[in-house]
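Taken in order, these protein sequences are the chains called A and B.
With UniProt numbering as the guide, the letters of the first sequence map in order to residues 1 to 244.
With UniProt numbering as the guide, the letters of the second sequence map in order to residues 1 to 456.
Hints should not be assumed to be uniformly reliable.
As the list claims (entries may be wrong) - Quick list of the computed label-pair ranges, beta carbon to beta carbon:
id: 1; chain 1: B; residue 1: I266; chain 2: A; residue 2: A200; range: 31 to 39 angstroms
id: 2; chain 1: B; residue 1: H272; chain 2: A; residue 2: T94; range: 50 to 58 angstroms
id: 3; chain 1: B; residue 1: T450; chain 2: A; residue 2: H125; range: 24 to 32 angstroms
id: 4; chain 1: A; residue 1: N92; chain 2: B; residue 2: H65; range: 29 to 37 angstroms
id: 5; chain 1: B; residue 1: W31; chain 2: A; residue 2: A151; range: 21 to 29 angstroms
id: 6; chain 1: A; residue 1: R227; chain 2: B; residue 2: Q384; range: 34 to 42 angstroms
id: 7; chain 1: B; residue 1: R21; chain 2: A; residue 2: H140; range: 31 to 39 angstroms
id: 8; chain 1: B; residue 1: A125; chain 2: A; residue 2: A151; range: 30 to 38 angstroms
id: 9; chain 1: A; residue 1: M161; chain 2: B; residue 2: K248; range: 48 to 56 angstroms
id: 10; chain 1: B; residue 1: E47; chain 2: A; residue 2: N92; range: 33 to 41 angstroms
id: 11; chain 1: A; residue 1: N92; chain 2: B; residue 2: R73; range: 17 to 25 angstroms
id: 12; chain 1: B; residue 1: N18; chain 2: A; residue 2: L29; range: 48 to 56 angstroms
Everything labelled a hint here was simulated from the structure, so no lab data went into it.
For glycine and all other residues, C-beta sits at the position ideal for the given N, C-alpha and C.
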Amino acid sequence: MKVGLFIPCYIDQFYPQVGIATLQLLEKLGCEVGYPSGQTCCGQPMANSGYEHLTDGCNRLFTDNFKSYDYIVAPSGSCVLHIKDHLHVADNETAATHIRQNIYELSEFLTDVLQVKSLRARFPHKVGVHQSCHGQRGLHVSQMTELVGPAFSKPLQLLNMVDGLELIELSRKDECCGFGGTFCVFEEAVSVKMGKDRVADHVHHGAEYITGNDVSCLMHLEGILRRQQSPVKVLHLAEILNNE
Amino acid sequence: MNTAIKDHAELAEAFNANEPRVNWHDETLWWVRQKRDKMAWSIPEWETLRETASLIKHNVLGNLHAYLEEFERNAQQNGAIVHWAADAEEHNRIVLELLQQQGVKRMVKSKSMLTEECHLNHYLADHGIEVIDTDLGERIVQLAKEPPSHIVLPCIHKKKEEIGDLFHIHLGTPAGNADPQFLTAAARLHLRSEFIQSRVAITGVNFAVAETGEMVVCTNEGNADMGAHLADVHIACMGIEKLIPQRKHLGVFLRLLARSATGQPITTYSSHFRTPKPGQQLHIVLVDNGRSRQLGREDFRNSLKCIRCGACMNTCPVYRRSGGHSYHNAIAGPIGAILAPNLDMKEYADLPFASTLCGSCSNVCPVKIDIHQQLYKWRQVLVQDGQTNAAKTAGMKMMTTVLSRPGLYRFAGKMARWVMRVAPGVVSNRFNPWYKQRELPPPPAESFETWYKKNR
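Build the full structure now, drawing on both the sequences and the hints.
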């Protein structure tokens, strides 16, 4: 099984440790992982701002980089959702379709494709999970509180395999953190208020760490926590699952 | 509220100047969302019910012309007089003419978002006719000279003390009395005298049944009934999308409407209006006002399924923290943001961007409108139509150039991290909206790509 590792642009530049944890975790679980070096961005920042028509270059690049892999895995639900919903290349649609159908966010790849039943991981801390919207409501990695249906959560399924980890409950299980791509700067006031409220929910319930499967949300929450000089830290799911 | 500013981000920032009030607004609406959840969970087939409602409306939108004609025919047979209005202006003119025929200068109106959309109150006031809104929440915002901030809870942005002050000024209640029960009783007395005197009553319409030509109006206060039963002339104003094919379909919608809206099993009153009583006139005004245009926009057609429950507002984390007035449109929140650009792309170009695309709205929608996906699609349409500022376009083009070229991307990333390390003030300053209330991530010495090359 050849797995192409997609490390979204801002993770590559600002959170390399998340890329490293993802790679090490996949290797530990027996995957043959390749990292195509010509990769940049999924194109989502432009598309969500109304400029999907400018994403041809990104789409072409993405398709060239990942077309030869059986699976494409990324530590970001949002970028994966964008590719799943919007990757099209006029003269290479077969390859684009293959990618759209075989790209996975890390947690769903672990639970659904690798069907991981146990992990060698230890993290003796109180952890709050931030359900990022695109992974949850877009990729359905967990049940949504709006819907009447059976509960499930792929990230929680994995976190429950980690020794010593104590999950905290939240008052609002799956409210958006307010990052929202360019929303975070064009609607700064509401974005920050949403982030502050999410952070407060975690802090109030005693979280030492906030984790999730989207670095963008975590970057936003971390920015608020650090401004508040809070001792609470953020870690991507991969960093906890890879922690021995 | 400031009516001069027409930009969601700016209005939302002003709303956020008072954080405790934002918390109160957010928690009030979140409480309604939780009530809705509880009600939804009390019905095991909830998701099937939503799907059924969505499909019924799908059928309606696909055969709207036929259902409209069927409804008109049956309504006329019932003795109603049917009027057709192509737009808001024609709707207002029709209503004015009916009022002038009756020679009335003052009349009562129960809740109708359509008349808000058409700005009927202002229009009639300009022609010397005073409208008394009889829904309690609407009466409160009317006394405050404000538009409703929510389609179901029009004065949800007002605290009870503020309502007490308004009633003291306008209805003569004792100063400083903010007891909800007392204020409601005062409003009831005030409105009763209006009902009794009013010879004409306007109501909205929640559902119009093509098969029978009847209309169903849902209220909790019975104010539509009070108005319509006491008046000589009942004018019912409705958008053409309010139709349902048959009476048996009502059960689906009535089970969904109040549960989604306020977390009640059903509205207190679901009143059927079919035949005018002897001596009474029943007029029905069918209004298009852009709906046919929206019907023709394939990507946005489903927005016409909306039954105006307001669930998308209650769940929207942005709405709860920016208030209904920040949408500067009769219909606020996520649904307003996909309906408004159809009316005026320029004026409402900001609204589809007032969202994180979290998708909660689509999940609570009782008729399964893909609201957040339509927000995404409106963004594309608005940009293509030139409704965006030049600086944003230039920025996006630059970003595209960098992100389409791996070499340039790597160089730019390295430079950015270097600048952030040696001269953090270049990005961490007051001109950077990110930095205003958030720290930037500490720049690492090397990217993942560099690490990978060294280690694998």
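Check each numbered hint against the structure and report the violated ones by number, ascending.
Failing hints, ascending: 4, 8 and 11.
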